[in-house]
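Asker: Sequence:
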Amino acid sequence: EAQGEAQAENLEAQAAAAPTEAGAAALENEADRVEASANAEANRVEQQAGNADGGMTTSNTPSQ
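Using my numbering, you'd call the opening residue of the sequence shown number 36 and step up by one each time.
Read the hints as simulated data drawn from the structure, not as lab findings.
Just so it is clear, CB atoms sit at the ideal spot from N, CA and C, and this is done for glycine as well.
Possibly wrong hints are sitting among the right ones.
[To be verified] Cβ-Cβ distance ranges computed for the label pairs, FRET-style:
{"#": "1", "residue 1": "Ala-84", "residue 2": "Ala-61", "range": "34 to 42 Å"}
{"#": "2", "residue 1": "Ala-61", "residue 2": "Glu-40", "range": "14 to 22 Å"}
{"#": "3", "residue 1": "Asn-78", "residue 2": "Thr-55", "range": "29 to 37 Å"}
{"#": "4", "residue 1": "Asn-78", "residue 2": "Ala-41", "range": "17 to 25 Å"}
Whenever a hint applies, use it, and build me the whole structure from the sequences.
Answerer: Below is the structure:
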């Protein structure tokens, strides 16, 4: 997710410097798509790990 977030931030910076409104909008849309993809991948990994709630629960806490 961190890599996708960094890529999205880079695209947003490019959008801010874009010479045209259309170019900026296209870059912002791509940044949103990259960020959504990174979030979906992170959620998929959490789901596979049995940790979709983002924290330890009684059902996934290792016993000592």
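Asker: Run every hint past the structure and note whether it holds.
Answerer: Each hint, compared with the structure:
| no. | hint | in the structure |
| --- | --- | --- |
| 1 | Ala-84 <-> Ala-61: 34 to 42 Å | 35 Å, holds |
| 2 | Ala-61 <-> Glu-40: 14 to 22 Å | 20 Å, holds |
| 3 | Asn-78 <-> Thr-55: 29 to 37 Å | 34 Å, holds |
| 4 | Asn-78 <-> Ala-41: 17 to 25 Å | 18 Å, holds |
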